[in-house]
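Number of protein chains: 2
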Amino acid sequence: MTYCVGVLLDSGLVLASDSRTNAGVDHIGTFRKMTVFERPGDRVLVMLSSGNLSVTQSVVNLLEQWTNESRDNLWNAPSMYQATCLVGEALREVQKRDGPYLMPHNIDTTAGFILGGQIAGQKHQLFNIYAQGNFIEATQDTPFFQNGELKYGKPILDRIITSSTSMAEAAKCVLVSFDSTMRSNISIGLPIDLLCYERDSLKVGMHRRFGVNDPYFDIICRQWDVGLKRLFSELPDPT
Amino acid sequence: MTYCVGVLLDSGLVLASDSRTNAGVDHIGTFRKMTVFERPGDRVLVMLSSGNLSVTQSVVNLLEQWTNESRDNLWNAPSMYQATCLVGEALREVQKRDGPYLMPHNIDTTAGFILGGQIAGQKHQLFNIYAQGNFIEATQDTPFFQNGELKYGKPILDRIITSSTSMAEAAKCVLVSFDSTMRSNISIGLPIDLLCYERDSLKVGMHRRFGVNDPYFDIICRQWDVGLKRLFSELPDPT
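Chains A and B supply the protein sequences, listed in that same order. Residue numbers for the first sequence follow the numbering used here, beginning at 319 and rising by one. Residue numbers for the second sequence follow the numbering used here, beginning at 319 and rising by one.
So that you can see chain A by itself, here it is in the shape it has in the complex:
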């Protein structure tokens, strides 16, 4: 399975994805689900993939292939909106090519993307691209998108994240959300790729991978667990 989160803040973007894939419980793999297109000073685009791995990898490869062709592509897209259309178009093309061969075998070809970034002269934006290639955009009212195994980690995002949350707080909150998710679903797993993009910087900010025994991730998971249990014990008992 997959868990990925994209957050649209007044101050920029926070994006994160896990790395576990599985085709049944007896076939576990590790694949990076975050793809970055960066040309400092011009654009930063970050894609988070979820769903059928052969589909999402083909979409990324197709988008990269297009950048070598004289056609609309992610490097010359004039806006985030048009970049998002391109991801949807690539997804539709892969579904059209592979879908008819997979569907008769009841293989789920569903795939989706979260795309966040900024292109010079425009605002930073965050989109959620559905399996059919259509998409929605995050707003101040609904400043984050999740894909994949989203429910376990949603309550903490609901409580903390607003568009005015600082980038450090949002990054921390996303990591706590991953911790809750990984405790409840073993098909979500480390390493976590986390990327912060500061508005108008037009270059990738903090970009870290949190693997097993990462000192920072271990500290916040432990401190959160101990703190939650203390906080819980302080709640009054029912009478």
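By construction, these hints were calculated from the structure, which means they are not laboratory data. Here a beta-carbon is modelled for each residue, glycine too, at the ideal position from N, C-alpha and C.
With a cut-off of at most 20 angstroms between alpha-carbon atoms, the simulated SDA-like pairs for lysine to any residue come out as follows:
(1) Lys547(B) x Asp476(A)
(2) Lys441(A) x Cys403(A)
(3) Lys547(B) x Arg477(A)
(4) Lys521(A) x Tyr399(A)
(5) Lys441(A) x Gln400(A)
(6) Lys521(A) x Val354(A)
(7) Lys547(A) x Leu549(B)
(8) Lys414(B) x Leu380(B)
(9) Lys547(B) x Ser482(A)
(10) Lys547(A) x Gly545(B)
(11) Lys441(A) x Asp459(A)
(12) Lys441(A) x Gly523(A)
(13) Lys521(B) x Pro556(A)
(14) Lys547(A) x Asp543(B)
(15) Lys547(A) x Ser482(B)
(16) Lys547(A) x Ser484(B)
Quick look at which bits of chain B chain A covers, simulated, 3 or more residues with Cβ under 8 angstroms:
(17) 477-487
(18) 498-505
(19) 531-539
(20) 548-555
Based on the hints, put chain B in the right spot on chain A.
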């Protein structure tokens, strides 16, 4: 939708259910999903229902009808195991009667039950009865079952509940779990029915309904929210 939880503790049982039903977002109702069969000194059986309301209500009615017939029923079942078999049998009978009329209209007839209780001379037990009428039993390793919208509220149960948790703590934890669930899914709603059963008491213990503006539920929700935000702000920022 529905959210219900049953917890098997060394010291007894805690069971809770919400009361919201919906047939589409434009058809919201309130129905109690907890049914209690109590004969003090002899037996306490508590059923939590989820799924198609016409199916679950028919199952409860059929079980009550059987108690007036000279046949195996919940009042003469010699064990929790046999009581659970009866619930499964009633569920299968309703599915057999109504299913063929509902399925052609693509109406989901899925329904499930959590059944907890104790019969004199036997241990207290907790069962999760699936839509097909088969069931599993809670153990010390896995001391709780959830039905319905289970994911939002599972992380806090995973962190707190073990079979040695006290009944007051477990009841508190279940209410916090309901709070998280209701914040993320509006199709789960108050009032919450909560019942505590103390092992070997053979009578219902605390049995409370938490509705809108319940002082205790309001306090723990507010204290939990404020505490979580403080705890979160104390976590170190990523660098």
